[in-house]
Each structure stands twice: as C-alpha cells, then as structure tokens.
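Number of protein chains: 4
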Amino acid sequence: MDASVKRQTLRRLAIAEGHLKRVRKMFDEDAYCLDVIHQSQAVQAALKKVDEIILHGHLHSCVLHDIHEPAGEKEKIVKEIVEVFSKSK
Amino acid sequence: MDASVKRQTLRRLAIAEGHLKRVRKMFDEDAYCLDVIHQSQAVQAALKKVDEIILHGHLHSCVLHDIHEPAGEKEKIVKEIVEVFSKSK
Amino acid sequence: MDASVKRQTLRRLAIAEGHLKRVRKMFDEDAYCLDVIHQSQAVQAALKKVDEIILHGHLHSCVLHDIHEPAGEKEKIVKEIVEVFSKSK
Amino acid sequence: MDASVKRQTLRRLAIAEGHLKRVRKMFDEDAYCLDVIHQSQAVQAALKKVDEIILHGHLHSCVLHDIHEPAGEKEKIVKEIVEVFSKSK
Chain A
1 MDASVKRQTL RRLAIAEGHL KRVRKMFDED AYCLDVIHQS QAVQAALKKV DEIILHGHLH
61 SCVLHDIHEP AGEKEKIVKE IVEVFSKSK
Chain B
1 MDASVKRQTL RRLAIAEGHL KRVRKMFDED AYCLDVIHQS QAVQAALKKV DEIILHGHLH
61 SCVLHDIHEP AGEKEKIVKE IVEVFSKSK
Chain C
1 MDASVKRQTL RRLAIAEGHL KRVRKMFDED AYCLDVIHQS QAVQAALKKV DEIILHGHLH
61 SCVLHDIHEP AGEKEKIVKE IVEVFSKSK
Chain D
1 MDASVKRQTL RRLAIAEGHL KRVRKMFDED AYCLDVIHQS QAVQAALKKV DEIILHGHLH
61 SCVLHDIHEP AGEKEKIVKE IVEVFSKSK
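Chains as they are written, first to last, in the working numbering: chain A, 1 to 89; chain B, 1 to 89; chain C, 1 to 89; chain D, 1 to 89.
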C-alpha cells in the first residue's frame with residue numbers, strides 16, 4: 001500500500017473502532033436496542049469504506065502498473081477480487 | 001433486552017471486537033491487502049449477526065407481548081424497524 | 001396488503017421490471033460490461049425498495065393491530081421477519 | 001465479453017427474469033407478503049451472481065491481458081470497479 005492509501009485507511013479504521021467502542025458502551029448502558037443496531041450499522045459502513053480504499057489501492061497496483069506474473073497467478077488475483085465483491089454487503 | 005439475548009449479543013460483540021483488533025494488527029504489519037479486506041468483512045458479518053439477535057429480541061417484545069401504545073407510537077416503532085432493514089447490507 | 005401498500009409496491013415492481021428488461025437489452029447489444037452491472041444494481045435497489053414497502057405493511061398489521069395468535073405462532077412471525085432481515089443486502 | 005462469460009451470464013439472467021415473473025405472479029395472487037419478499041430476494045441474489053460473472057470477465061480482460069492505455073484511462077477503469085463494489089449489497 002502506498003502512503004496515501006495507508007493514511008486514508010488508518011483514518012477510516014479509527015472511525016470504525018470509535019463506533020464499535022460506542023456500540024459496546026451503549027450495550028453496557030442498556031441503550032434502546034434499535035439505537036444499538038444503528039451504531040453497529042455505522043461501524044459496518046465505516047469498514048465498507050475501509051474496504052473500498054484498500055481495494056482501490058490494490059486495483060491501482062494491479063491494473064495501473066500492469067502485473068508481470070504468469071497467467072495462473074493473474075487468474076488467482078482476479079478470483080480474489082471477485083470473491084471480495086461477492087462477500088461485500 | 002432479556003438476559004439470553006444479552007448473553008448472545010455480548011458473545012457476538014466480543015467476536016466482532018476480536019476481528020477488528022486483527023484488522024488493525026494486519027494493517028500495522030503490512031499484510032496482503034485482500035486479506036485485510038477479508039478480515040474486515042468478517043467484522044461486518046459478526047456485527048450483522050449482532051443486529052439480528054437484537055432485532056429478534058426487539059420484535060419479540062413488540063409482537064409477542066402486544067404493545068399497548070397509542071397508534072402514533074406504534075407507527076414510529078414500525079418505521080424504525082423498516083429503517084434498520086433499509087440500512088442493512 | 002392494504003390498497004395503498006399494494007399501489008406503491010406495484011409501481012416499484014414495474015420500475016424493477018423495466019430496469020431488468022434494460023439489462024437484457026444492454027446485454028444483447030454488447031454494452032460495456034460495467035454499465036450492465038450498474039443497470040443490474042438498479043434492479044436490485046428497486047427490489048429492495050419493494051421489500052421495504054411490503055415489510056412496512058406487514059409490520060403495520062402485526063404490530064399495529066396486535067396479533068391475537070398463540071405464542072408459538074407469534075414466534076414464527078418474528079423469526080420470519082428476522083430471516084428476511086438476515087438475507088437482505 | 002467472451003463466449004463462455006456470455007453463456008453463463010445469460011443463464012443467470014434467465015433465472016433472475018424467471019424469479020421476477022414469479023414475484024409479479026405472487027403479488028397478483030395475493031401471496032403471503034413475506035413469501036413475496038423471499039422471492040424478491042432470490043431475484044436480487046441471482047442478479048448479484050450475474051454481476052460477479054460479468055466482473056470476473058471484465059477483470060480478466062483488464063488484468064490478464066494487461067491494458068495498454070494511458071494512465072488516466074486506467075485510473076478511470078479502477079474507479080469504475082470500486083464504484084461497482086461500493087454499490088454492491
């Protein structure tokens with residue numbers, strides 16, 4: 001990962017961590033249950049953003065810099081990306 | 001939330017927290033970027049499970065115990081549940 | 001389903017059907033593949049909207065009108081709603 | 001798209017179309033509302049599968065065959081893929 005991707009990812013990751021701490025706190029303080037779910041969904045949204053930034057950086061290095069790997073290795077890279085897409089929600 | 005819902009939620013929340021710590025660790029150790037995304041998706045899946053358990057408990061108390069609230073209040077409850085569904089990924 | 005829910009659902013369903021016809025057409029005309037995916041995602045978004053309208057109507061009749069069913073039946077209703085949430089993307 | 005991707009996509013697209021016709025039919029016949037949602041979610045799952053097949057084919061041609069485009073054009077391709085991921089549910 002290059003420095004800029006890393007910086008952006010770290011910032012979003014810190015947001016996700018902060019939201020998750022708040023989920024735990026709300027839970028411990030018996031907050032209204034739908035508010036807890038909202039907070040949990042905020043963590044998920046922040047992590048999805050993390051994924052997008054990392055994926056962008058990854059595609060950048062794969063596509064932009066033309067990967068010089070044997071065909072089998074390239075096919076593996078393609079499959080990994082589709083798998084990430086497949087699991088994304 | 002009743003005691004059983006709380007216990008289940010806490011267990012899942014601990015799993016999500018563990019996964020998120022691992023995301024941070026992988027990131028700090030410059031792990032392969034798609035592995036970081038997989039780990040991040042594991043956090044999201046664990047939190048979605050948390051949401052389901054909480055929602056189940058909430059619907060239980062709304063539907064099972066028949067809520068005796070004015071119609072306006074009930075409509076608010078319905079809207080909140082749909083909103084949670086709408087944001088779910 | 002009451003008449004208003006039905007009308008709204010039908011309108012959204014027609015939108016989803018229109019988008020899906022367009023996916024097929026784009027595909028037959030060899031459109032740029034990412035444009036096909038965008039169109040397919042538009043169908044999915046329209047259907048998610050259909051789901052939300054139907055769910056809203058369903059919760060309305062469950063919660064608002066207090067269902068007078070045996071507890072086992074009510075638990076089934078709650079489980080069904082959580083299952084729908086669980087599969088939602 | 002190459003012939004094999006096209007064939008697979010067409011098969012999945014036909015499944016999605018079949019499911020969507022069934023949504024309409026269930027709706028017209030006043031089926032139980034949560035069953036309609038399940039059917040609608042089956043359309044969405046089939047379309048997500050369509051998206052994955054198309055994306056796989058696209059990445060294949062981008063990554064495997066090394067795209068010889070100016071850097072600006074490549075960056076556009078990367079952004080498009082991330083956008084598709086971002087909208088995926």
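Keep in mind that a hint or two might mislead.
[To be verified] Computed beta-carbon distance windows for the label pairs:
(1) E69(D) - S61(B): 22 to 32 Å
(2) D35(B) - R7(C): 42 to 52 Å
(3) A14(D) - K76(A): 24 to 34 Å
(4) P70(C) - L10(D): 42 to 52 Å
(5) S86(B) - K25(A): 18 to 28 Å
(6) E69(B) - S61(A): 33 to 43 Å
(7) D2(D) - A71(C): 30 to 40 Å
(8) S61(D) - R11(C): 32 to 42 Å
None of these hints come from the bench; they were simulated from the model. Model, not experiment: these values are computed from the prediction. By construction, the Cβ of each residue, glycine as well, lies at the ideal position given by its N, Cα and C atoms.
Checklist entry - Any hints this thing doesn't respect? Which numbers, in order? => result 1, 6, 7
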